[in-house]
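**Student:** Assemble the complex: chain P is given as a structure, and chains A, X and W must be docked to it using the hints.
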Amino acid sequence: MVETVLFVIFGLAALFGAITMVWARNPVYSAMGLMLTMFSIAVFYVSNSAHFVAAVQVIIYAGAVMTLFLFVIMLIGVDKAEDRSENLPIQRPLALALIALFGSAVVVAGRLAWTTGVHNPLDPVNGSVEAIGNELFRKWVLPFEVTALLLIVAAAGAIALAFFRDGDDAEVDA
Amino acid sequence: MDLALSLIVLLPLIGMLILFAFGRRIGEPGAGIVATVAVAGSFVIALVLALDLFSGEGSVETVRWFEWLPAFGVEAELRWDQLSTLMTLVVTGVGSLIHLYSIGYMHGDARFGRFFAYLNLFITSMLILVLANNFALLFVGWELVGLSSYLLISFWFERDTAAAAGKKAFVVNRVGDVGFIVALMLIFSVFGSLGFDTVFDGAHNGELTGAMATAIALLLLVGAAGKSAQLPLYVWLPDAMEGPTPVSALIHAATMVTAGVYMVARTGAIFEVAPIAAATVAIVGAATALFAATIAMSQRDIKRVLAYSTISQLGYMFMAVGAAAYVAGIFHLMTHAFFKALLFLGAGSVIHGMSDEQDMHKMGGLAKKMPVTFITMAIAWLAISGMPPLAGFWSKDEILGVVFERGGLWQVLWGVGLATALLTAFYMTRMMWLTFFGEPRWDEGIQPHESPKLMTIPLVVLAGLSVVGGLVNTPFKLTLEHFLEPVFEAVHLAHAPEGSVAWILAAVSVAAGIIGIGAAIFRYRDRVPAEDGTGWRLLNNGYYIDDMYAGVFARGGKLGAAWLAFRFDVRGIDGAVEGVGSLTRRVGGWLRPLQTGFVRSYGLAVVAGAVGLLVWFLSRGGL
Amino acid sequence: MTVTPGWYMALAAVLFVIGTGGILLRRNALVMFMSVELMLNAVNLTFVAAGRELNVLDGQVAVFFVMVVAAAEVVVGLAIIVAVFRRRQTASVDELSELRG
Amino acid sequence: MDFPILSALIALPVAGGLGVLLVRRDELALPLSITSSLVTLGGAVWLLFEFESGEAGFQFVEKSTWHEPWGVGWHLGVDGISLLLVVLTAFLFPIALLASTSVTHRVRQYMASMLFLQAGITGVFLALDLLVFFIFWEAMLVPMYFIIGIWGDERRIHAAVKFFLYTAFGSALMFAGILSLGFLVSDQLGGPTFDFVELLGADLTRTAQFWLFGAFGLSFAIKVPIFPFHTWLPDAHVEAPTAGSVILAGVLLKLGAYGLLRFNLTLFPEASVDLVPVLAVLAVIGILYGAIVAIVQTDIKRLVAYSSVSHLGFVVLGVFALTTQGLQGGVIQMVNHGLTTGLLFLLVGMIYERRHTREISEFGGLASVMPLFAGAFLFTAFASIGLPGLNGFVGEFFVLIGSYLSLPGYAVAAAFGVVLAAVYLLWAYQRMFTGEITVEANRGLGDLNLREKVIIVPMAVLIVFLGVYPKPALDIIEPSVDAVLERIEEKTDYVVPEFGSTTDIAVEVGE
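Protein chains in written order, with the numbering used here: chain P, 66 to 239; chain A, -9 to 613; chain X, 10 to 110; chain W, 83 to 593.
Hints are all accurate, no fakes.
What the simulated footprint calls covered on chain A by chain W, stretch by stretch (three residues with Cβ under 8 Å from a Cβ of chain W suffice, anywhere in the stretch; the number is not a length):
(1) 53 to 62
(2) 142 to 152
(3) 161 to 168
(4) 177 to 190
(5) 540 to 553
Pairwise CB distance ranges (calculated):
(6) ALA552(A) with ALA225(P): 56 to 62 Å
(7) PHE56(A) with ARG237(W): 46 to 52 Å
(8) ALA225(P) with PRO151(W): 33 to 39 Å
(9) TYR551(W) with LEU214(P): 53 to 59 Å
(10) THR380(W) with ILE224(P): 54 to 60 Å
(11) SER345(A) with GLU522(W): 27 to 33 Å
Rather than coming from a laboratory, the hints here were simulated on the basis of the structure. Please read all numbers here as calculations on a predicted model, not as lab measurements. Even for Gly, the Cβ is constructed at its ideal location relative to N, Cα and C.
The following block holds chain P by itself, in its conformation from the complex (with noise of 0.2 Å):
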């Protein structure tokens, strides 16, 4: 019951968190939007016994990453407001479309009969701390790991990016 109306209540908040964030012409509204539903997001891991998931949602993308979009957006200093206008011609209606086939492709999916695993209740998931990494340090050590080197290389990427003064800038047109 508690569930019903935390998704509820949630849910929403997350609608009304995306949908913000497509619909406001400035983009500091756009991430407040984001930041809200990506919270209430955080808030069905818990309800879905997810706990370390929804601690790292929190912490990482409703803090590190929406600040740094925020940062962004101050430090480049276009948070000011877009016109709506489309330039590409037949952009708009084409997505509209393109939007309103997948929603009723979803749609239908969701009323089909899928096959999938069975459920036991008696063997509720435990998102712990623990046990994820069991998970991570056991099964998943190499791709863990992997991860890591992808992590370095995009932090050196993204420095190497920063780096350039506007001097560097005739060497990247050559």
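**Tutor:** Below, chains A, X and W without anything else, positioned relative to chain P:
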């Protein structure tokens, strides 16, 4: 024995290596001496070794050098039997005389040492050829003499004609070699070995029959025809006269060109079971003999006369070995080596004395200026014309006798041979007359002189051999025949007739010779005819066969090759390859506008794709 | 009325579609980027919900990896946006069409 | 386990290449890389002497698994077929490097490319795991692409791209073939594998063999190159720098023939036997066509390139003759062609360095000013023509006689190649070296210098040695090719024809 036999081949080889390495430093005449000593050494060793065989006590020996190609059942192995002995003696004997002569002839040439290195290379190769104990090694020698021939013909490579002639000789020989190689394939497929003993024993024991035997023998004939300048592959030999004259004497008269005859004789066991092929050999030989003799009548270049004469005489030898008269063929090979080498060396002496003039119409009256050359050449002239008791008489007479004795259609060949004998006497007399008799017709400033001793001594020795060389095999005492018989155990040797028939035949052929000589003397005795009628021109140009070859094979081939290379290959095949490339590029060009550069268009496409996939999955899911 | 995984799936689908719309309709690079994040989050939600239903942790582990990748992507992506902005003084993707064929 | 000599042969050039790149001094590049390749050569020679020549199987095997579920592993080994080619590779590289003194631009990168190329080629010959083989096969393309594309002649980019795309096209098919082969056998062998030796234990259906033969064969055919896939070769040769041409002709082309022999014959025996006529026809066409086209070339490098097409035709004919002599001839012909054509390209490079032209008509009469060079050229030409006593003869002789019984008509046709070889090479020699000097620029040319002599002499010695006494090489090859034939006989109803069994010409005409 092993070492001695090996040394026969190794001495010239060592000489060659020394001369290649230090020839320039040794210089003149040292290089010539080194080379001559090497070949003479081989000759002496061969002579010593041969004494046992001559006395009838020696046996066939083989020397194995090393394991070579076990896959073909052959080793690097030499064979010392009566036939190879005789060939070795001819090659090294005549060879050393010509080496000696060359020291004088090549005097002052910038690449004196290199010349003798090539000569030694040739002797080595020729010895490998005649001493080989299997087809593979024989083929090695066969090709190597071709190489030496190439190198020596184009020795004066600065002359375009010399370079072209060397190439032509090698290429035409190669055409014959294809026949030889294919013959080797067939032989190996039948016997599983290329060793002489296996093959000849097998052929003798009936393992080789019918069409296969004929095919092998005919293919061998193709090879032999290439090397021995028989129809239709003779065209290289006249051109080969571009080489220095000693080379013409050694390679293109005495030794290398007789390799084909040697090969047919050596493989007699195969021709024995292929009578059609043997007859073909004889016919080719007879035809070549007559054909070349007619051309020889009309040449003005003294060396070309001798070249066509060589082709003609080789035809004689082919006729003999084709008629299974192997001894007669080898006998003529030997005597011919003496007198033809002598003729060439004499011609060389004349050319030398005439400051490199080769046109006989510009000679005449040289007998007094060059007495030694004249006398020795006169002996050779009479020998080749078949005048008794000189060497040529005995060997030519034996060939004609054998062919006549075979009866039937063979007597047609005898007729051809007789006609050739007549023509031979005619053109040799013409050559002698134009050169040595009559009024001098020299260009101004030429001072004919006798050649130095170094050159005349070999002439004298060869003249001696041309006189007595025939006595080793006369109808009265068949020494050579008995000596060679063990080699030809596997074949039924054809023999010359005996008794009154023999006398009559001899008389007829001598008469033919005398008629030829007489006719020529009559024609040329006091003037030089113009010799430029249509018939003469036809003959002078060798019936235009060489020009025809040049047109069809050289020019036509080049045109065809150019079409293949620059049309078919570049436009056709490569065009297809490059076409694929440019097609890809063009298609890329058509598709380019799809890349609008707008990220959102790409996003639209991605979403469209994703939705499409989703719809497709759903429709497959049974909607 | 209990919450079934289907509800979460439905919600996630709606969020995903909204995110798609954001990418197709907006031309501010930053907002497009945020839309991508939204789509990733929507998928993450399905992972977690499905994992719970099937009694496995794999879903949550997958979410973890997705987050790491998303973080890396954000870092590089934002760096690129900053770099581009420094040259072009714009964050509109329509201005960046040099790669037009 | 013993010292991993095979891995060392691959690792040494790589180490040398890295060393050259890291030592940032151009003048040290040549000495360093030559040292590296000489050490490699030492290793290869050691391998040659330690090799047991009577054995058919792989020796010096190194094996360690990388990924068990897919059956991928580092598996190297050498047998009679690959040994000589490995040694040839090790032998040609120091010489090719020594011939690269005219490279002055990006020297270190050039030397490193050459050394990486060496590692790649050696790896291809040694690899016994198909994926490892494929990795080396592709890895080798990259340095070769740069060597042609950076240090080549005028149209180098075009040639390099053509070379790369053409071979990569074949490689793509081969990769698909390797993958499908590896997974196709998983039912029989209890899991997928790419290990060559294990793959030999599987039986494939005729159809599968046919398709896989095609996938592998096309890639190899392009590499050989078999007519009509040869047109990349003249372009690549003409544009490549001297050392590039030497390596291209000397060893790179052998990879295709080696692949056909090593993989196609053994893994797909039925398809091989079925497709013999196709390959024999193409081989003979290649022999004659390459030779005829070579005759009229005006560019000496193109001429030699087309002569390669002709010579490699002999190799293919020998391989698909499926007789001991034919296969032996094919392998030895690969080695011989590597030496003779390699030397021809080296010589052409020497004259190019002097005159900066490859047009035959620009020369003429060179023998008077450069007698030693002319002699060396003629020597090599005769080796290439197949003169007995020099190495070319042995291979051609084995191939021709060896292929007669199984492919009589083709063998006879191929025999005409020996005439054409004499025509194109001697004519080229005549045009370049004999006669009077016609172009003034040629009058002052210098003869061979010490460096060039050092390049020529070892190759000439080997050419003579293999020509006079080929037995050691043949002994190494024979057991391994016999094993290949035995396998074909065992897997198919093909019977290796016995020589010495025919008595009638009907066989020759009938087949």
